[in-house]
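Protein chains: 4
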Amino acid sequence: MLKDCKPALLIIDMINDFNFAHGEILSQKTSTIMPSILDLKDYFYQNKWPIIYINDHYKLWKADLERLIQHCSNERSKHIIDKIAPRKEDYFLIKPKHSAFYGTALESLLQELKVDVLVLTGIAGNICVLFTANDAYMREYSLFVPQDCIASNNDQDNSNALTMMKEVLKANIEPSKFFYEQ
Amino acid sequence: MLKDCKPALLIIDMINDFNFAHGEILSQKTSTIMPSILDLKDYFYQNKWPIIYINDHYKLWKADLERLIQHCSNERSKHIIDKIAPRKEDYFLIKPKHSAFYGTALESLLQELKVDVLVLTGIAGNICVLFTANDAYMREYSLFVPQDCIASNNDQDNSNALTMMKEVLKANIEPSKFFYEQ
Amino acid sequence: MLKDCKPALLIIDMINDFNFAHGEILSQKTSTIMPSILDLKDYFYQNKWPIIYINDHYKLWKADLERLIQHCSNERSKHIIDKIAPRKEDYFLIKPKHSAFYGTALESLLQELKVDVLVLTGIAGNICVLFTANDAYMREYSLFVPQDCIASNNDQDNSNALTMMKEVLKANIEPSKFFYEQ
Amino acid sequence: MLKDCKPALLIIDMINDFNFAHGEILSQKTSTIMPSILDLKDYFYQNKWPIIYINDHYKLWKADLERLIQHCSNERSKHIIDKIAPRKEDYFLIKPKHSAFYGTALESLLQELKVDVLVLTGIAGNICVLFTANDAYMREYSLFVPQDCIASNNDQDNSNALTMMKEVLKANIEPSKFFYEQ
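Protein chains in written order, with full-length UniProt numbering: chain A, 1 to 182; chain B, 1 to 182; chain C, 1 to 182; chain D, 1 to 182.
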C-alpha cells in the first residue's frame, strides 16, 4: 500500500515526561501503541524510507537528544523512551507548539526528501497528531494514521480524532498491519 | 468581559453556497446561529472594534465580494447572505484552506490592529473554526468561541469541537450574551 | 526555454500610486519595462499558462480590483494602469508586506496550478521583487527574472538586485526575448 | 540605546565550515568582525538579555551542537568556532534556508521572550543576514545591524546590504559601540 508512494514516518512527542494531568493514564496507553510503532519503524528501515521524530522541546529550544531524554526520563516514561528513542540515522526535530509544521523545518525536510505521503504516529492523538494532520492536509500531503499507533488521554477523544482525520482530512486510519500489504 | 481587551470578531465562511453533503442541514443550523452573530456584530460596531470576515474563495482566488456573493447565492444560502453580508467598513479576506491563518494576511492585519483577543464565529465549527482556533492558540491569542455562534453538520461534532477548544485551546465558550457584561 | 516547464508569470506591485519618495522616477522607469511585460503576458496567454498579479493592498486589505485601481489612479500611474490592469481571467492577490509569499495564498495557488518555475516581473526590483525571489528560492522554485521586466528607483540598485538574484538565488536574468526561444 | 527595549542578539551562521567558493576570504573577514560580536555578547550577558544562535544545519537537520561543531571544524574555521561557540545558556536553533525565520522556531521563541528589537550579527551579510532582516521587518521587529558585526565575501556587497537594510528595512547600522550608550 505504501510501496507506490514516497512515505515518511512521523513519530510525534514520544520522548515525553508525562508530567501533566492524566499523564499516568497517557503513559499506559502509550505503552500499548508502542509495539505497532516499532513494527512500523522496522518496516521503514527495511524500505530505506525516512523516519522523522518531531517532539516538544521541554523549554530547551534545541534538538539536543541526550539532554531531552535526560529531562524526560522518569518512572512513567523510562520504559517507553528506552524502546522508542531515535537511532542516529533517524531525523529528530523539535516543535514549539501543537503542530509538527508550525515553527519547524519539517516542510523543508519533506521537500528535500521528496515525500508525498505522511504516516502519523504518536501522542496525543486528539491534539498534536490531529493538528499536525490538518497542517499536512492543507499542504496537500496524503495521510495514513494507523489507528493502533496513536493514543490520547481519553479513548473517546482518540476515537473522535480518528473519525475527524478520516472524514475531514481524508486520512486512511486502518490498523497498521494493512500498510504492509502491497 | 471584552472591554479590557483589544478584540477582533472573526466571521468564518458565512458567505457559503452550502453545496456539499449535508449542506442543507448546515444551512438550517447556520440560520439558528445568525441572530447571535448579528448581535455580536452590533456590539463590535458600537465599540469600534474590528470585524473580519474570512472566507473560502470558491476558486475565485480573490476577495471580490460581489462575485463571491453572486457565486454563492442560491436557495439554501440567500436568506443567510442577505443578512450577514459584510458592510463596506468590515475587513474581508479569503483563505485557501481550512485555517483562517494559512495563506492569508490575517496575522499581519491583527498585528496592525494590535488585537490580542479573537472572537471566533461561523461554520463549520468542527473544521474551519476549530483549526483556526488552534492556529490562533499557537500564535498566543486569547480565544472566545461563543457556543451559540458556531455550527457544524452534526451537533455532536459541534459539541466535541467546543469541548476541545475549551480544554485544549483554553477558549471561553460561554454563550455570547455573557460577553456583553463587564 | 519555458516550454519544458510549468511556469507562472508574477506581476508585482504594478497597480501602484507612485506616491512615495522617488515615485515620479519609478513611474518613468516602470513605463520603460511595460512593453516587455505586456509581451510576456501575451506569450503566457498563447500558452495558457497562469498569470498572477500580486499587489500591495493600499490599506484596503482586500483584493477588490476596482477600488484598488480607483485608489491608485493618478497622473503618475494612469497610463501604466490602463495598459497593465489584469484581465478577468488573471489571478489577482494582495500582499500585506514586501514578499509575495508572506501572508498570501500564493503558495497554495502555485501548488494547485502545479507550477515549478516562476517568472518575476514588476517593481521595485530591489525590494518586493528581490524579497519575493528569495522566498521563492527557499521554497525551491526555479526563477526567471528577465532584466528588462523589473525596475527600481535607482539603476545601480536594480543592477545589484539582478546580480544578487543571479548569483545567490540562481535566477536566469537574461532579457525576456530569450525566454521565447525553445 | 538598547536599554529601553527588549532586545535579542542573533548570531547567524557563525558555526561555519567555510567550504564554498570564497570561503577562505569570508573566513578572514569573519575573524575581523568577531571581537565586536564577542563584546556585544558580553554586554547582553551583563543585561541578562537573550542571545540566540541560528545556524545552517549542514545536513544534520538537528540542533546537536557538538556534532555540528565537529562537522564544521577545520583550518579555516577552528579559531573562529573556538571563540564564538555558544555557551550552555545561549539559545541555539538550526535553519534550513537563508532566513532565520523560515522553517524555524525563532518567531515562537521571540514571542515567549517578549522581544521587540533584534540585533543581527554574523554572516553572510548580503545573504542570510539580509534576508533574515527582511523577514524580521515584515514581522515588525525593530532592527539593529551594527556594521562592524556582519561580513560578506565581497566588501561592496556587504556595503550594499547595509545600505539596503538601513533605507528599506529601517535598520540602525551604526557601529556597535554606539549601542552601549544610553
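Read the hints as simulated data drawn from the structure, not as lab findings.
Keep in mind that a hint or two might mislead.
Since the list can't tell identical chains apart, any single copy or any two copies may satisfy a pair.
Unchecked claim - Below, simulated BS3-like cross-link-like pairs (lysine-lysine); rule was C-alpha separation at most 30 Å, straight line:
| id | residue 1 | residue 2 |
| --- | --- | --- |
| 1 | K29 | K114 |
| 2 | K114 | K78 |
| 3 | K78 | K41 |
| 4 | K59 | K166 |
| 5 | K6 | K78 |
Since we're looking at a predicted model, the values are computed, not measured.
I'd like to know which numbered hints this structure contradicts. Please list them from smallest to largest. The structure breaks hints 1, 2 and 5; every other hint is satisfied.
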